[in-house]
Amino acid sequence: MISVPGPGFGIPVTDKRHAITSEIPQLRRFARALTGNAVAADDLVQDCLERALGRLHLWREESNMRAWLFTILRNLHVNNIRNSSRRPIETSLEDHDQPLGDAATQGQRLMIRDLDQALEKLTDQQREVILLVGLEGMSYQETAEILDVPVGTVMSRLSRGRENLRILMDHGNHHDKPPLRSIK
Amino acid sequence: MNSSIPKTDADLNAYVDGEIDASAIVEMEAWLASHPDDAARVKAYQQQNEDLHNLFDPVLDEPIPPAFTDVIAPRRPNTVKPVWTRIAATFVLLLTGATGGWGLHEALEGPRVPNAPNFVERAVGAHVVYASDIRHPVEVPATDEAHLETWLSKRLGSPLHAPRLSSIGYHLVGGRLLEDSGKPAAQFMYEDNTARRLTVYVRAYRGKETAFKFFAKEDVSAFYWMDAPFAYALAGEIPRQQLLKVAHVVYEDAVP
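If you're matching them up, the sequences are chains Y and H in order. According to the numbering used here, the first sequence holds residues 1 to 184 in order. According to the numbering used here, the second sequence holds residues 1 to 256 in order.
Accuracy of the hints is not assured; some may be wrong.
Claimed, not checked - Partial list, computed: chain Y residues near chain H (C-beta under 8 Å):
(1) N37
(2) V39
(3) L53
Stated by the list, open to error - To spell it out: a stretch of chain Y is covered by chain H in this simulated footprint if at least three of its residues, at any positions, have a beta carbon under 8 Å from a beta carbon of chain H; those stretches are:
(4) 43-52
(5) 67-77
(6) 122-135
I should point out that these hints are in silico values taken from the structure, not numbers from a laboratory. Computed from a predicted model, the values in this text were never measured in an experiment. We put the CB at the ideal spot given by N, CA and C, even for glycine.
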């Protein structure tokens, strides 16, 4: 049901809804990258939108709508992981090949498969920092707020994650070498 | 930051992410010029970002599932009307009764018109088909409004402009040319802040002026009227009273 505007907040509910709507594409991209699966990603976005709508009265005018939504989505994702011993749904490579279609060169497809697989091998903590900063363009400060950790933690996870990713991708480019088993 | 002090991992990453001061950029670039290993790492990190975008940006262009927009702007069931809408309706009746003699009583309370002109069904059909299209709702977007109006005026044979509905919260998305029994017709599309869409369907008409009449098919409601040189049908999935209010604005705005 549509809720009425709560007292004490300057923004009409319709404007808040509009602000949420305009974040949907970015939320989907982040969810797709986090889960590696189109169906799981959209379930996550749907849950996030429902949660956000239910808490719309908590969102304040001066706060960052995108960061707020990303925080909700990420926390839901963490809960999902916690509730299952492994990532809930196996990543399907076809999910990622499909949107690129015929425009992607074979080289790009190889790169993408490498990157996709390399992302899988990172820890959840490193992956989410790399995605927030490298893909979503969040500042270190915003990322720290979304993850509820100090900025220094963001920076160290980012450093380690990127370096791991670089090594993984390097190995992917030399197919004669055996794949890296562990990156810890 | 001094170019003689070894750069840390954090420095390299901050450079990649634009999280260092402009003054430090020059020093960092001097450092990278003389330290190929660090330069290679920076390049690799930048490439990672680019690859991430290549991999995931296509998601941004995918049509948004209707389930998402339904969460944000759920369709309201026609429940008991609150008192204020009845008061507002009465007010509208009084106001327009005094000025124009529109068939408002019929429009608001009367039975569904059983035999609506063909163009109304076409208007509702066009609404169903195009208003639900997330990516390509219109042929010519609102950013090209002048061109849209010139073009549709020429095709419909009389000066036509897109009704201005911003005063009641609907902004123009754009428009398209349609076929109606071998004649050209125009559709303008509007959207409010919650992504609810209305369409105004227009075709040439030469007969007498008529009152607003109501038509509904499944979830879509429409008000239609004739006002030479055009016949109009306004379609949407909003309550009848709200739609009538919009119809008034469309009508008023069409008066030269």
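We went through each hint and held it up to the structure:
With 8 Å as the threshold, the beta carbon of N37/Y stays out of range of chain H, its nearest partner Cβ sitting at about 12 Å, so the hint is violated. At a threshold of 8 Å, the smallest CB-CB gap from V39/Y to chain H is about 11 Å, leaving the interface hint violated. A distance limit of 8 Å between C-beta atoms decides the matter here; for L53/Y the minimum to chain H is near 6 Å, and the interface restraint holds. Look at the stretch 43-52 of chain Y against chain H: 4 of its residues bring a Cβ nearer than 8 Å to a Cβ of that chain, three or more, so the hint holds.
Residue count for the stretch 67-77 of chain Y with a Cβ under 8 Å from a Cβ of chain H: 0. That is fewer than the three needed, and the coverage hint is violated. Chain H is given as covering the stretch 122-135 of chain Y, and this holds because 5 residues of the stretch bring a CB closer than 8 Å to a CB of that chain, at least three being needed.
Hints 1, 2 and 5 from the earlier list are contradicted by this structure; the remaining hints agree with it.
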